[in-house]
Structures are given as C-alpha cells and as structure tokens.
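Visitor: Listed below are the residues making up each chain.
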Amino acid sequence: MKVTVERAQLLKSLSHVHRVVERRNTIPILGNVLIRAENARLSLKATDLDLEVTETLAAEVGTAGSTTVPAHMFYDIVRKLPDGSQIVLEADGDRSVMAIRAGRSRFTLQTLPENDFPDLAAGEMTHSFALPASDVKRLIDRTQFAISTEETRYYLNGIYLHAAGTATAATLRAVATDGHRLAQIDLKLPKGADGMPGVIVPRKTVGEVQRLIEDLEAEITIELSQGKIRFTLGNVVLTSKLIDGTFPDYGRVIPQNNDKELVIDKKDFENAVDRVSTISSERGRAVKLALSAGKLVLSVTNPDSGSATEELEVEYASDALDIGFNSRYLLDIAAQIEGEVAVLRLADPGSPTLVQDKDAKGALYVLMPMRV
Amino acid sequence: METDGPVTDDVAPETRQRKIIHIDMDAFYASVEQRDNPELRGKPVAVGGSRERGVVAAASYEARKFGVRSAMPSVTAKRQCPDLIFVKPRFEVYKTISQQIREIFAEHTPIVEPLSLDEAYLDVTENLQGIRLARDIALTIRAKIKDETGLNASAGISYNKFLAKLASDHRKPNGQYVISPEMGPAFVETLPVAKFHGIGPATAAKFNTLGIQTGLDIRNQSLTFLAAHFGKAGTYYYWISRGIDERPVRANRIRKSIGAENTFFDDLTEFNAMVAALQPLVDKVWQHCANTGNRGRTVTLKVKFADFGIMSRSQSMPTAVSNRGELERVAISLLERSMPLPKAVRLLGVSLSTLQTNGDDAQSQFQLPI
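From first to last, the protein sequence lines stand for chains A and E.
Under this note's numbering, the first residue of the first sequence is numbered 1, with each subsequent residue one higher.
Under this note's numbering, the first residue of the second sequence is numbered 1001, with each subsequent residue one higher.
Rather than coming from a laboratory, the hints here were simulated on the basis of the structure.
Treat the hints with caution; some may be incorrect.
[What the hints assert, rightly or not] Calculated cross-link-like contacts (lysine to any residue; reagent style SDA-like; alpha-carbon spacing at most 25 Å):
id: 1; chain 1: E; residue 1: LYS1088; chain 2: A; residue 2: ASP116
id: 2; chain 1: A; residue 1: LYS204; chain 2: E; residue 2: ASN1294
id: 3; chain 1: A; residue 1: LYS204; chain 2: E; residue 2: SER1322
id: 4; chain 1: E; residue 1: LYS1195; chain 2: E; residue 2: ASN1220
id: 5; chain 1: A; residue 1: LYS204; chain 2: E; residue 2: ILE1370
id: 6; chain 1: E; residue 1: LYS1302; chain 2: A; residue 2: THR26
id: 7; chain 1: A; residue 1: LYS80; chain 2: E; residue 2: PHE1271
id: 8; chain 1: A; residue 1: LYS241; chain 2: E; residue 2: GLN1099
id: 9; chain 1: E; residue 1: LYS1284; chain 2: A; residue 2: PHE145
id: 10; chain 1: E; residue 1: LYS1284; chain 2: A; residue 2: GLN256
id: 11; chain 1: A; residue 1: LYS204; chain 2: E; residue 2: HIS1288
id: 12; chain 1: E; residue 1: LYS1095; chain 2: A; residue 2: ILE29
id: 13; chain 1: E; residue 1: LYS1095; chain 2: A; residue 2: ASP50
id: 14; chain 1: E; residue 1: LYS1232; chain 2: E; residue 2: GLU1189
id: 15; chain 1: A; residue 1: LYS188; chain 2: A; residue 2: GLN256
id: 16; chain 1: A; residue 1: LYS12; chain 2: E; residue 2: ALA1276
id: 17; chain 1: E; residue 1: LYS1078; chain 2: A; residue 2: PRO28
id: 18; chain 1: A; residue 1: LYS241; chain 2: A; residue 2: ARG19
id: 19; chain 1: E; residue 1: LYS1088; chain 2: A; residue 2: LEU312
id: 20; chain 1: E; residue 1: LYS1284; chain 2: E; residue 2: LEU1268
[Unchecked claim] Sample of chain E residues with no beta-carbon within 10 Å of chain A, all distances over it, derived:
id: 21; residue: PHE1091
id: 22; residue: GLU1092
id: 23; residue: LEU1133
id: 24; residue: ASN1220
id: 25; residue: ARG1242
id: 26; residue: ILE1310
id: 27; residue: MET1311
id: 28; residue: PRO1342
[Claimed, not checked] Not everything, but these chain A residues come out facing chain E in the computed CB check (under 10 Å):
id: 29; residue: ASN39
id: 30; residue: ARG106
id: 31; residue: ALA164
id: 32; residue: LEU182
id: 33; residue: VAL366
Please read these numbers as outputs of a predicted model, since none were measured by experiment.
Here a beta-carbon is modelled for each residue, glycine too, at the ideal position from N, C-alpha and C.
Turn these sequences into a full structure, and let the hints steer you where they fit.
Guide: If you want it as structure tokens, here you go:
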C-alpha cells in the first residue's frame, strides 16, 4: 500500500474515527484503525465491537492495499505533523510496519493483519430515511440528558426511537428516561420510516453521532434493522448495534390530567433555582417549590450550611401546593426549553410533573418530585 | 478489584454460628491458558507481558516451583525460570468463566462476595439446596466448577471469613479444608504473622520488631497495646488472633475508590511529560464517574519511582469533585507541589475516594412507575 493524503483531511477523519477506540483494550486489534487505500480514496475504520465508524477521503493512491495501526498513536502523529503537509503512508505486505512520511519526519508503526479486524456485519437494513442534520441534533440534544446510566436496567441506557402519533399526523419520536425524569420529542415522520421497528440506540452511539454533526444544513441518512442502525453523514458512516431489550411502556407515566398550571419565565426560573441550590450539599439536592396565587417561593435548607429562599412572580391560579425537586434535574430540564416561557403542569407532591415549552414545539418532559 | 454494586447490602444475619466458604481458583489465569492450549500443559507458564516492563499476572504451578509469583516483574521471573513461557492475558475469557462460576455459587446462596474474578466468599449458613454440611456444599461446588469449566478450585470452610480464607490455602491446589470452631484458636496460634490475611510485609516486619512472631504472640498482647501500635487494625488483629472475625459476607460490596494508573515504557523526569501522562488517567477516572454517577471528594496522586519506591499525595475537597477539569487541576497541583521529584517516575496513578453516590437524595427521590 502506498498513498499520499493531505494532513488536514487525514487529521479531521482520524479525529472522527479514533474516538471510537477505547484507550485500553484487552483485544489488541480493537486498538487499531483499519486503513484501506483503493480507487483514489483512503478509508479509515475503527470499532469497539458495538459501534464502528468508517470515513472515506480523497487521496492519491500509488499502490492499493490495506493494513491496521494503533489508532491513538497514529492520530497523535498526524496531529503533530506540520499544517499543510502531504503525508505519505506506505506499508509493505511482508514487513509488519507502516511508514508515515511528511517533510523530514518519518515514523514507522507496527501493524496487525487487516484480516483480524472485526466487521460488525451489518446485514440487511430494512428501513431507510433521511433527516436534516439539525433535526437529528435536536432529537439527541433534547433527550440525551435523561438517558439512564444504571446498568441493571440496560434497556434504558439509550434513546428509544420509534414511529408514533396518529395515521394523519405520524411522528418519529425519541424518548429517554432514567426512572426519575423522562424526555420525549416528536418530529414529522420522514418518508421511508413508516413501519420501522422501535429501536434503542445506545448512549455511546448517540454521543458519537452528536459529535459528528458539523454542518446543520446537511442531510443524514438513517438505515435500520431489528439489530443495527447506520447513520451516514457525508463521507462518514457510523454503524452501531442496538440495545437488545424492550423499552417500557412510557406512555402511562406521562401525566394527562395534571390540573395545576404554572407558567414561568424560563430564564428567571433557571437563575433562581441555580442561586438557591448553591447552598445544597452533594447528598441533598432538593429544592422546595411553594406555590400560591401568582407567587412561587423556592427554598433550600441544608442542615450543614444554612438556607436560601427566593420569590418569583408567576402565573399560577390553582390551590396552594408545596412540592420538592432535585435542583439538578430542574436545571437539566430548564436547559431543554427552547422558548422563553415554560409551562409546568402539576398534580400533587408525589406525582409526576409535566414540563413543556409554552409553544409546545413537539417536546415534553416529565419529572418525578422528591420528598421534602 | 472491587465490584460495582448498588448501595443496598445483603448482609447475613449474625446471630448464630455461621458457615462460610472461601473458594479460590487454582492459578486461575494460567490454568485457563493451559486448558485452552494443550501445548502449555505441564510447562511453566506466566500470564502477563513479557516485555521489559511487564509483570506476571499469574503463574502456573510448574512456574511456581521456580519461585515465579504473581506481581513479580517479568524480567525477574525469566531469570528465576529461563524456560518460562509468557502468554498474553485474555481477560474476556477469564470474565466469562468467572461469570460461570458465580452462577454455580448462586445455586447455593445469594450471599456471595466476589473478591476478584477467581475468588469469593460464600455464606452458606442457610443454603438454597438445604445441604447440611458446608463441606459437602464445597465439594459439590468444586465438582461442578470442574465439570463446567475443566478447572480446579480449592475451598476453605470455616465459621468466619478470616479462617475460611486461611483454610482454602491449606490444601491447595485442588483441595479443601475445614477449620471447625474447636480448631480455630489453635490453628491461628502457630501461624506466623506474615501469613495472616491483611498483614503485609511492612506490618509483619513491625510485629517482628515488637517481638511478635505468631498468632499466639499476638493473642498475648492487650487490646490497648495493639490499638496503640496499629490503630484500628490493632482491634482486628486482637480478635483474629482468637479466631474471631465478625465481618459479614457482603453480597454487594460498595466501591470505595475509582482509580487508574499506568506504567511507562520509559521513566519520566519532565514535569510536562508527567502532566501529559496524567491526562488519560484523569479521562478514565472521570469516564467512570460519568458512567456510574459516583462522585468523590478526595483526589490521590500515586507515584512509583524507578526504584519501585512509592509516594502518594492526597487532597480532600470540601465537596465532591464535580467535573473533569477540577479533577485534572487537583491532580496536577498535587504533582506540582511534589516537584522536584527525587527520582525518575515509572508509574503514575490518579484515584478518587470518599465516594458519594446519590446518597440521601436517593432516599427521597420518587421513581417514575416505569
């Protein structure tokens, strides 16, 4: 294999793929990136066995061929080579090294045979649809915070992507929950997604897709089957296993009849929660919301340090109510509100509260209170 | 390795005589390699890196005859036993077998405390199959392990953890031994202090300078004397020298610290190089925090020098370290304050302790009925 490639392009591609590679690997080949040169293109591929990313870039291919080298080291070398340089990669089938040359620098890296490089074997994809990158980003941004990290309920360790809505207003819906809060967002169901299976996209995959989105105007193709999902963003292809489990029936925890409505300026609320929670301890993050006509009093009491209260003028006309929430959860949810005004629909101090943008925008959040 | 576990503890009731089994796989990693590769059978095998900096993770019994021990630098091992065959560890395989073994334990009791992949305590006072003698449970478990994995295990059976662990060593390999309540005190009497679980070379040397050589010597000391010299551990020594150890078998041990460390191919002398070397360690520790929701208040920097001398520096923060940047800052400042270091650095480690999970919040947070 002999191939010449521009440093900036190679660096950008490597920065995408090398992230997939775990820093410590018990299986050596998983620490490597697969390099393949053919037809004036260089492709780079990395995998952790659950997720693989392949990126293709233009290159001057002298001799076609392929090999694998340690991903992080290769990335570090390319990163340190001077900007604007042309990089020559050369591997000789007989010797187990790949040479990297640029200007007066020359490196050799030990290789492992490309035949050992695992393939995710994606198989037949049953559904395919396209979405603007901005929509995919919004699906992820609005739900990612609620993904569970608890390993026992592994089926909550991802975003549940599925078709929902009604026949006339079908939607593509993303849902995530950690058992304390839940986030749900709907988009118009794109062409090709009808009848798609409900899939749980793992947290790491979601994070990688989010990081790969650079151009919000671009289009992302999503293909999926029962067990795999593939995102194509220009010259980058990310294929991932899906979480093999059943996402719980989340619909029944979304309150329908909460009758106490609180309308509040998002920024004021966020700032007030942030201020009063300054004195809460790491172990007790509860903030109390005392609601009465037109008024909200936020308070935190920390037996080890003191107390804080703040009063806000709000739109509230129902019976007085005291309810507690984890301040961090309140801030997380407030951060999701895209408009200036948030609406909270409450029932009682032990039942789920619904939080939405005043102009709904297809997203809703559910938060369980705390005992205060 | 400690196992990650939820905060809930399954603790055995302590009201009556307990039956504890300590199961220990014989030369686990090495035996697995010999099982899977017939060419290694009957030969001295070490699992671990053979390179300059490698250490032996496990040694086969054939290798142990030459004095090869786990945690020994590979170079030393090769000197002790020139025919030693080095095999790369395959942790995925060991983990799978470990899981198989734990499933066998679970057939007998839910109260299992794994100490590592190849070692566990079982409280079988009340066992699921109603087997009367703990000795028979141990036999059944060992036979099933052999049957399902082809590997040998040894077992120690006694009325507490300390003696069960001593007992499992007594008939190794592929044996088992019972220390009954009648035998307990006598068994400890003749035991050299260095053989006590929890007494390392440093503590053993300290005992020896105090003129204490055996379990009986410890028993002849007062609780006040032991506590004065060994602090909290003194109390533990006082009781174990009488064969008494009330520590329950904990089914879900709570992780006490999150740490990462790395041995370098070339010793480091430059501050900047050390700072760079800390980055992946900070990443790894923080990644774990992010994944588990665990947060810690105390940051510890560990430095091992070229001559294997160890230094560690800690700093406790008023509240838990809340982001990667803070962890990195504290780790670097610990290093900075230790400069200049007396010798070249062979290993660096970063760990986070005084862990707090969701703590009190977990008690009062309502759950979505999902």
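Visitor: Each of the hints needs a verdict: does it hold here or not?
Guide: Outcome of the hint check:
1. LYS1088(E) with ASP116(A): Measuring from Cα to Cα gives roughly 17 Å; hence the hint holds.
2. LYS204(A) with ASN1294(E): Between LYS204(A) and ASN1294(E) the Cα gap is close to 19 Å, so the pair holds against 25 Å.
3. LYS204(A) with SER1322(E): holds, 21 Å
4. LYS1195(E) with ASN1220(E): holds, 18 Å
5. LYS204(A) with ILE1370(E): holds, 23 Å
6. LYS1302(E) with THR26(A): Roughly 24 Å between the alpha carbons, so the hint for LYS1302(E) and THR26(A) holds.
7. LYS80(A) with PHE1271(E): holds, 20 Å
8. LYS241(A) with GLN1099(E): holds, 23 Å
9. LYS1284(E) with PHE145(A): holds, 21 Å
10. LYS1284(E) with GLN256(A): Given pair LYS1284(E), GLN256(A) is violated - Cα atoms ~43 Å apart, limit 25 Å.
11. LYS204(A) with HIS1288(E): holds, 13 Å
12. LYS1095(E) with ILE29(A): holds, 19 Å
13. LYS1095(E) with ASP50(A): Holds. LYS1095(E) to ASP50(A) sits at ~18 Å (cutoff 25 Å).
14. LYS1232(E) with GLU1189(E): Cα-Cα ~22 Å, so holds.
15. LYS188(A) with GLN256(A): holds, 22 Å
16. LYS12(A) with ALA1276(E): Holds: LYS12(A) and ALA1276(E) sit about 22 Å apart, inside 25 Å.
17. LYS1078(E) with PRO28(A): holds, 24 Å
18. LYS241(A) with ARG19(A): holds, 17 Å
19. LYS1088(E) with LEU312(A): violated, 64 Å
20. LYS1284(E) with LEU1268(E): Given that 25 Å is the threshold and the Cα spacing comes to 20 Å, the pair holds.
21. PHE1091: violated, 4 Å
22. GLU1092: Violated: least Cβ distance 6 Å, not greater than 10 Å.
23. LEU1133: Answer for LEU1133(E): holds, closest chain A Cβ roughly 35 Å.
24. ASN1220: holds, 45 Å
25. ARG1242: Consistent with the label, ARG1242(E) stays out of reach of chain A, its closest Cβ about 38 Å off (over 10 Å).
26. ILE1310: Since the minimum Cβ distance to chain A is about 22 Å, ILE1310(E) lies beyond 10 Å and the statement holds.
27. MET1311: holds, 24 Å
28. PRO1342: holds, 29 Å
29. ASN39: violated, 36 Å
30. ARG106: violated, 20 Å
31. ALA164: violated, 17 Å
32. LEU182: holds, 6 Å
33. VAL366: At about 7 Å, which falls below the 10 Å cut-off, the nearest Cβ of chain E leaves the hint on VAL366(A) intact, so it holds.
Checked against the numbered hints listed earlier, the structure breaks hints 10, 19, 21, 22, 29, 30 and 31; every other hint is satisfied.
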